[in-house]
Amino acid sequence: MTASPARPRHLLDFADWTPERLSALLDNADTMSQVLDRPVRKVPALQGLTVCTAFFENSTRTRVSFELAARRMSADVVSFAAGASSLGKGESLRDTVEVLTAYRVDAYVVRHHAAGAAHLVARYSGKPVINAGDGRRAHPTQALLDAYTVRQEYGSLSGKTVAIVGDVRHSRVARSNVELLPKLGAKVVLCGPATLLPADLAALPGVTLTTDPREAVRGAHAVMALRLQQERMSGGYLASLQEYAEHYQVNERLMREAENGAIVLHPGPMNRDLEISADVADGPRSRILRQVDNGQAVRMSVLYHLLVGRE
Amino acid sequence: MTASPARPRHLLDFADWTPERLSALLDNADTMSQVLDRPVRKVPALQGLTVCTAFFENSTRTRVSFELAARRMSADVVSFAAGASSLGKGESLRDTVEVLTAYRVDAYVVRHHAAGAAHLVARYSGKPVINAGDGRRAHPTQALLDAYTVRQEYGSLSGKTVAIVGDVRHSRVARSNVELLPKLGAKVVLCGPATLLPADLAALPGVTLTTDPREAVRGAHAVMALRLQQERMSGGYLASLQEYAEHYQVNERLMREAENGAIVLHPGPMNRDLEISADVADGPRSRILRQVDNGQAVRMSVLYHLLVGRE
Amino acid sequence: MTASPARPRHLLDFADWTPERLSALLDNADTMSQVLDRPVRKVPALQGLTVCTAFFENSTRTRVSFELAARRMSADVVSFAAGASSLGKGESLRDTVEVLTAYRVDAYVVRHHAAGAAHLVARYSGKPVINAGDGRRAHPTQALLDAYTVRQEYGSLSGKTVAIVGDVRHSRVARSNVELLPKLGAKVVLCGPATLLPADLAALPGVTLTTDPREAVRGAHAVMALRLQQERMSGGYLASLQEYAEHYQVNERLMREAENGAIVLHPGPMNRDLEISADVADGPRSRILRQVDNGQAVRMSVLYHLLVGRE
Chain A
1 MTASPARPRH LLDFADWTPE RLSALLDNAD TMSQVLDRPV RKVPALQGLT VCTAFFENST
61 RTRVSFELAA RRMSADVVSF AAGASSLGKG ESLRDTVEVL TAYRVDAYVV RHHAAGAAHL
121 VARYSGKPVI NAGDGRRAHP TQALLDAYTV RQEYGSLSGK TVAIVGDVRH SRVARSNVEL
181 LPKLGAKVVL CGPATLLPAD LAALPGVTLT TDPREAVRGA HAVMALRLQQ ERMSGGYLAS
241 LQEYAEHYQV NERLMREAEN GAIVLHPGPM NRDLEISADV ADGPRSRILR QVDNGQAVRM
301 SVLYHLLVGR E
Chain B
1 MTASPARPRH LLDFADWTPE RLSALLDNAD TMSQVLDRPV RKVPALQGLT VCTAFFENST
61 RTRVSFELAA RRMSADVVSF AAGASSLGKG ESLRDTVEVL TAYRVDAYVV RHHAAGAAHL
121 VARYSGKPVI NAGDGRRAHP TQALLDAYTV RQEYGSLSGK TVAIVGDVRH SRVARSNVEL
181 LPKLGAKVVL CGPATLLPAD LAALPGVTLT TDPREAVRGA HAVMALRLQQ ERMSGGYLAS
241 LQEYAEHYQV NERLMREAEN GAIVLHPGPM NRDLEISADV ADGPRSRILR QVDNGQAVRM
301 SVLYHLLVGR E
Chain C
1 MTASPARPRH LLDFADWTPE RLSALLDNAD TMSQVLDRPV RKVPALQGLT VCTAFFENST
61 RTRVSFELAA RRMSADVVSF AAGASSLGKG ESLRDTVEVL TAYRVDAYVV RHHAAGAAHL
121 VARYSGKPVI NAGDGRRAHP TQALLDAYTV RQEYGSLSGK TVAIVGDVRH SRVARSNVEL
181 LPKLGAKVVL CGPATLLPAD LAALPGVTLT TDPREAVRGA HAVMALRLQQ ERMSGGYLAS
241 LQEYAEHYQV NERLMREAEN GAIVLHPGPM NRDLEISADV ADGPRSRILR QVDNGQAVRM
301 SVLYHLLVGR E
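Residue numbers (this note's numbering), protein chains in the order written: chain A, 1 to 311; chain B, 1 to 311; chain C, 1 to 311.
Simulated from the structure, these hints should not be mistaken for laboratory data. Check before you lean on any hint, since a few could be wrong.
Because identical chains cannot be distinguished in the list, a pair is counted as satisfied if it fits within a single copy or across any two copies.
Pairs of lysine to any residue residues, derived as SDA-like cross-links and limited to a Cα-Cα distance of at most 25 Å, are as follows [said to hold, decoys possible]:
id: 1; residue 1: 42; residue 2: 308
id: 2; residue 1: 42; residue 2: 124
id: 3; residue 1: 42; residue 2: 198
id: 4; residue 1: 42; residue 2: 71
id: 5; residue 1: 42; residue 2: 126
id: 6; residue 1: 183; residue 2: 124
id: 7; residue 1: 42; residue 2: 74
id: 8; residue 1: 42; residue 2: 152
id: 9; residue 1: 183; residue 2: 208
id: 10; residue 1: 42; residue 2: 304
id: 11; residue 1: 187; residue 2: 24
id: 12; residue 1: 183; residue 2: 35
id: 13; residue 1: 42; residue 2: 214
id: 14; residue 1: 183; residue 2: 209
id: 15; residue 1: 42; residue 2: 307
id: 16; residue 1: 183; residue 2: 195
All chains should be built: construct the whole structure from the sequences, respecting the hints.
Laid out in structure tokens, this is it:
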């Protein structure tokens, strides 16, 4: 009999998370989803606790999703939106982080363009920290809601294939999915123009790369279109948006290559008729709004797991 | 016996609201006003429910008024202030609205420069939506608090005359009052320079137009000065601010033409000594701060009516 | 038998506060500090009451500290951040203040660059007002947390000396400490370049001035480094930042002149290696993070004192 590995204190990325823990997290999201189906969508699970959302990068929809998740479990929420604040005054990230930790809240949700910011908060505060997106590296709750949405469709991720199409290079969503989905038994196919497809990802277990979108979606049970940052054009990554859309847009024609009944995902916000066609975004395959909805259940599950359900 | 018309689900404008329902709303605001007079100004009416204030246009005072109204009835509030957010990233209004509706909150308070935004949220969410101001078209809770303030003074709106002076053309407050006050039995006189007075409003029942302020206030029980958007000058609507103030300022001299005891209203924020003189704004006729105070009671009443008091 | 002076209704500065009341405030902060040490850091003391934080000047960390203090005592909080709002629309400060008071909340926390803003809110609202920083004049809760931090170290402020080094001229923190510390029995030594040291402060009881930092810290039990606003350079107050740091930086060399065991304070955010050296900021003498932590306990104590603990 071997001891099970220690329960992770934080959700920074998936490195410390075993497949069993991750499955438990998604199972618990089912319970939370049932709470959201009730007429009164509020439970006392986190009563008396305070969650601090520290967003050094603007992201209204992710912040609101976390705030709702915390409030629905009766936690207090304080928002630290550091646009014009502290850092603007020339303070070092470390000093800002130390101030945050001196507030003595019970958990932190951190969004920062620097990959190490959430880790710093975790180290200095000793409190549970959830990474709500950092630079190009990770956005774990987004990957969890993607996984949850696929699992909801097929019952399990085992043996399923998820194709991720677009600007893989700059996508923290893609990186987190590459880390998460194989742990849950799924295969990932990454697809995009060669300039936007980092070759090193091909070395990871369960991951294949291709520049051919038809090859990518063949056999896929879910196809995720990534948002195209239009500022990439000036970076020389793309010849033209029109050419990009012609080759890599997730549309009905492309989806005919996928598995029967394959679903379509998008992390939002969408550029309609650029990386995804409007008819697919609004069509019967689309689970894009379901993703938003599932985001709340998944974030409730993560907060609960880190703050309450500890052995 | 005829069936009473269906109770409106939303407050987008007053089209679906019968005089009886509107009176009930104002009666209920009296009850809420009593709550605000207590030492502890909080009731459990909306406990467990969540209200989302989605302000795509900045308006601190309206947002705070709604947040206070919701919190005083024990609702949770999440704020979606979409300055730099979603829409800024090129997302369509419809997609933003769909994301909002996926949050599954219990009611939405929407402010947007586009007239149809609140309607869109109502259609997609299926939840009660309150229009907190859209373009030039409607700002119904402002009109309700205006009506409530006049009623508080005279016991009833029946047979009363309200003169609205200023930039009628660009005022959603004026449009909502034109829609509301005649339903409650009051007459409305709209007054301003010809360039700021849309002729089509003259066709409405209970509404008259004039470019002569003395004629407008003659016989009026309440005189409302509208805020002058100074950027109208560059639009060619006005020759000079000084000339405007000379003719259309609501001041003591003009108020001498009104009914004895006539009160003065202003939706705020004021340009003192432009559209209204300081002595009138601060004088005994002014009900301008009472309007702010009443705004909270009226918004509590609207939230209650839409969320709880349904048959 | 003389009547004790009336209990102050507001905390605008320390003019109306007797040493006894101030000591009671710090004693009560001890109790609040114990609340913050519990697993569930929340008490029902302010249940049903609403605190409005009106920040006309951006200060995320002070606002969050007050919001946490209010929420930990179960108050509701509404935030009025007046960047682009009201005042931006040309409204007078007085009108904005009158609107704030019409919200009928139970207490106001006001930050404004104009020294009289908090006083105006106090006069018009009749509700308890806490000054959270105004112009160059006062920032009383910061001084209280400084005093509390020194008292925590030495048991009492009586007979202790606090040296304040840096840009005294532009510091509301320095002014509030000059007002507070002597009332509690401590001596204050103010130190900085002559251009940043207002001579009139030398006339105050318990206060001495010097341009020599070694003289200033000699015998000091606590040394506070003030933040250097780098924009002072262009104001002609300083020849160069390098020269300033050479003479006035609070570092290990300077601290060797202070009392054995003397502690170091800084109101934050720090310019590391400008007004304070990194080794002192992070070293065993530093109480800088303790100050942030104490800020919450002190603000809870002030809110409680003004809102609940009245005779």
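Hint by hint, here is what the structure shows:
| no. | hint | verdict |
| --- | --- | --- |
| 1 | 42 with 308 | both (16 Å within a copy, 17 Å between copies) |
| 2 | 42 with 124 | between (31 Å within a copy, 23 Å between copies) |
| 3 | 42 with 198 | neither (43 Å within a copy, 49 Å between copies) |
| 4 | 42 with 71 | both (8 Å within a copy, 15 Å between copies) |
| 5 | 42 with 126 | between (28 Å within a copy, 20 Å between copies) |
| 6 | 183 with 124 | neither (29 Å within a copy, 36 Å between copies) |
| 7 | 42 with 74 | both (7 Å within a copy, 13 Å between copies) |
| 8 | 42 with 152 | within (23 Å within a copy, 38 Å between copies) |
| 9 | 183 with 208 | within (15 Å within a copy, 67 Å between copies) |
| 10 | 42 with 304 | both (13 Å within a copy, 19 Å between copies) |
| 11 | 187 with 24 | within (20 Å within a copy, 60 Å between copies) |
| 12 | 183 with 35 | neither (27 Å within a copy, 42 Å between copies) |
| 13 | 42 with 214 | neither (44 Å within a copy, 57 Å between copies) |
| 14 | 183 with 209 | within (18 Å within a copy, 66 Å between copies) |
| 15 | 42 with 307 | both (17 Å within a copy, 16 Å between copies) |
| 16 | 183 with 195 | neither (27 Å within a copy, 64 Å between copies) |
The structure is inconsistent with the numbered hints 3, 6, 12, 13 and 16, although it conforms to all the rest.
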